[in-house]
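Please construct the entire structure, taking both the sequences and the accompanying hints into account.
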Amino acid sequence: MAGFSYFPHTEEDLRVMLDKIGVASLDDLYSDVPASFLFRGEYDLPDAMSEQQVRDFFESLAAKNTRLKVFVGAGAYDHYTPSVIPYITSRSEFLTAYTPYQAEISQGTLRYIFEYQSMICALTGMDVSNASLYDGPTAAAEAMKMALACTKKKTRVLLSRTLLPHVIRVVETYARFHGVELGYIDAKDGQTSLESLQASLAADNVAGIIVPALNRYGIIEDFTGFAEAVHARKGVVIEYCDPSALAVVKTPGEWDFDIAVGDGQPLGIPLSFGGPYVGFMACRKDYVRKMPGRIVGQTTDADGKRCYVLTLQAREQHIRREKATSNICSNESLMALYVTVYLSLMGPSGMKKVNCLSYAGAHYLHDELLKTGRFEEVFTKPFLKEFVLNPRVDIKTLQQKLQDGGFFAALATEEGYVSFCVTEKRSKEEIDALVALVKEV
Amino acid sequence: MKYYDKLIFELSKPGRCGYTLPENGYGRCVKELPAELCRQVPLPLPEVSEPDVVRHYTNLSQMNFGVDTGFYPLGSCTMKYNPKINEEVAAMPGFTALHPLQPGTDGACAVINGLDKALAAITGMAKFTFEPCAGAHGELTGLMLMRSYHMARGDAARTKVIVPDSAHGTNPASAAVCGLEVVEVKSNAQGLVDVEDLKPLLGPEIAGIMMTNPNTLGLFEKEIGEIAALVHACGGLLYYDGANMNPMLGVVRPGDMGFDIMHLNLHKTFSTPHGGGGPGSGPVGVAAHLVSLLPTIKVSGFHGNFGVMLRAYAYILMLGRQNVKLAGKYATVSANYIKESLKDVYKLPIPTVCKHEFVFDGLVNDGGEEGREGATTLDVAKRLLDFGFHAPTIYFPLLFHQALMIEPTETESLETIDAFIAVMRRIAEEAAADPSLLKSAPHCAPIRRPDETTAARQPVLQYRDTL
Amino acid sequence: MSKVIEGLLYSESHEWVKVEGDIAVIGVSDFAQKEMGDITYVDAPEVEDEVTAGEEFGALESVKASSDLYSPVSGEVVEVNEALEDEPELINADAYGAWIIKVKMSDSSELDALMDAAAYQAMTEK
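Residue numbers (the working numbering), protein chains in the order written: chain A, 1 to 441; chain B, 442 to 908; chain C, 909 to 1034.
Note that these hints are calculated values from the structure, not bench results. It is possible that some hints are incorrect.
What the hints assert, rightly or not - Here are the in silico distance ranges between beta carbons for each label pair: (1) Thr600(B) to Gln198(A): 49 to 59 Å; (2) Thr793(B) to Gly183(A): 50 to 60 Å; (3) Pro46(A) to Glu963(C): 52 to 62 Å; (4) Glu993(C) to Ala302(A): 52 to 62 Å.
Yeah, the Cβ is synthetic: ideal placement off N, Cα and C, and Gly gets one too.
Rendered as structure tokens:
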């Protein structure tokens, strides 16, 4: 009988092993399992397939998806992924390694995480970064918990109502079970309201607030007065950022904020139907021991050679169990490598150009859409690559028309607006084609 | 492996770049934005060419050890072979280009539904949610469901969860994040949950129990039937930590053992690569009576780690009905073979048949004598690196001081396993003769032992700190 | 063998207390320091924080472990040894010189529950 390609065991190998163990059969290794629990049936699964059949199967499923030109962001941005990224990240030394617990044979992973941490600090203007979290929304939830840990005896965390909806939903889920009292800061003219914040701070129980750099309407928020107001009450300010945009918009560091979180997806990670992405978190040095997740540090080996290790581990679950800063163990290490390679390729000038192209395309689309007469402007605040409009036409009809034309655009928001996003991947020709379709609605 | 000493920042030279972008034909630019909303500080990213980047990261990769490099007997981590068809499937543009909110995703939804059905068949659970991105994330999600179940019944007093003392650190940590108080149940001399110790812990405040079966000692919790009856009788639920599901493939289904909620680690049992620490995927399955609660828990941004789900589904389809049933038994026979082949030179505290993994408690003869310190588990682990093997998990579980936890998986050949056994025996002989050779190991890795104390006392956590 | 100093009081969780009027100077014993190995961080409370006898007031960290500190007495923290912030190794060098916090005691009868040097020595040698 021929074996299965992933299992090297021959009949003879099995015999050698069973003899050494001193049992007659594989089933004897499970003699401690009560007979009533043994699964004696057949799994309701298909028969084994050949590799070609598996490939054909997934190709046929992939073909059932509709390939659309993406003109929507809402937390997942269609930026370009340079070829070098999949090439490097598919190297098996990176791909098939475990968490770098044995530093001596994991310097590759440890070194790129150190570079990743450095780059996240560069973008956010913060002092320290961790090695990654699951995604942006969970990073925001971790930051919420961290705010409580950084500010003893305070119980409440305020969320701006301009945060992306999926971020709010995940933070709310964590808060409900962790026992965090949430409050909300109202929006005024599409931007987090300082007056609303000040009113909520009066109770003096606010551990921290979470506000978005680019908000659910695409607007670049103005945080003048926010840090002063929150720090005066000994709270912390957490900014939820699009890390790509931080190359051009004022950074959490410049706003004098305390913690920066967000999703690294816009930095070279394909859309992939929502994941895997990578959550990032950076903060002031004072708070590093309250930070969740792994952290890599530089040190020297027994011969004095520069090297890298997982450090400050006494914060983590494998040492501190229920008193750990978080339960996170596996993170999104390989996705942090995507980000690191991307930022290495782009450098400071590439990051500016990506933003410039996205900005220019988005503003062109915005103006052209208004010219069609099918939309009204909602806000007049500055935006970068994403914006909302008030539709004068039926949203479903509009969306269907665009989808039929090969576009994913005009995402309906909770407020009844439609949302658009343009990245450097969208060409002027594509924008013109989209606008032409809108005119037909 | 050779040592390469550069950070990407140290290759930087102003004026170099590694990208190409289209021309900006719009005549507009971010300079139009109000200056007070713009970044004023420099952006200290490296300026390097594309070949610089490729060579730098290729060099870094060569200082790394992966499953494709060699045997990785890391206990509780199930470092099995990562099939290459999985990678090809996950990279298909028909999947990678999909926006999570877009219409026209019938194919992607079929993947999720197909994987859901396959996992339900393998575990005996009714339905899975795929939002959790890792095992610990799955634990947290599962505990949220456990609490939701009690709260929905108006049973708000159930705020404690029982966790065995042998559990992974993530179990108590997940409970704490979920707002549950941890009550520890002791292991008995056989390394199993002590049912007599458990009984007095049960009561109206208990939300449930978290169990890993087989447990972290690689032992099957054979009293599970009684434990399930006791916990259910007190009104609690049973949570199955699927970190150790691999040896149970084809043998036992958690749903049949009485578990109400469980998670699987697709990056362990279902062959998806660990990527140096992630991305993983920790889908949570529930019994039929809890299915209606699944939509009430939102724990990640979109649909979970879809790319990881694709790989796991490809793996299950490759194995098919027939081979899924073999994986667990092959892993178990390999673990027992190693255990029996080394138990005369490494201390085996619990000598019974193990499942996918087992734990030694250090060397029988560590070479220690008057004026000479014996070799520890750390020394054995570091010496293994010199022979091209990854180290086992060390100093876990905490039940033993010199724990050395070995898990071979079903994708290692008898020849590889025999080579590992021979090296482990050689190391034991070296230790007995003179522990100093082990204490100064590794000798053949790119670096020798790092100074972790200084790293923690004076943290240098980013490039700027090194300047 | 670990050093034990006469004239100090000791807790079962290896903290020592030196009584100076109504102030309790608190540190960890040489035995505890040795058990921990190289201490990398001292997580201490802040001045004006309240501590309670038998309850945690901080933790010691090493590379691979963390050990909670339990207050032998109740009261208000009046001083924290700031030198430990940058040099936690001072505890390894001299556990009895490197005090961690000073507490203004609210109930000095709590001291009665602590051990003297001989009793503590006997406990650690068990």
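Results of checking the hints against the structure:
For the pair Thr600(B) and Gln198(A), the supplied restraint of 49 to 59 Å is violated, since their beta-carbon distance comes to about 36 Å. The beta-carbon spacing between Thr793(B) and Gly183(A), approximately 55 Å, falls within the hinted interval of 50 to 60 Å. Remark: the range hint 52 to 62 Å for Pro46(A) to Glu963(C) is upheld by a beta-carbon distance near 58 Å. Under the hint 52 to 62 Å, the C-beta atoms of Glu993(C) and Ala302(A), about 28 Å apart, miss the expected range.
Of the numbered hints stated above, those contradicted by the structure are hints 1, 4, listed in ascending order.
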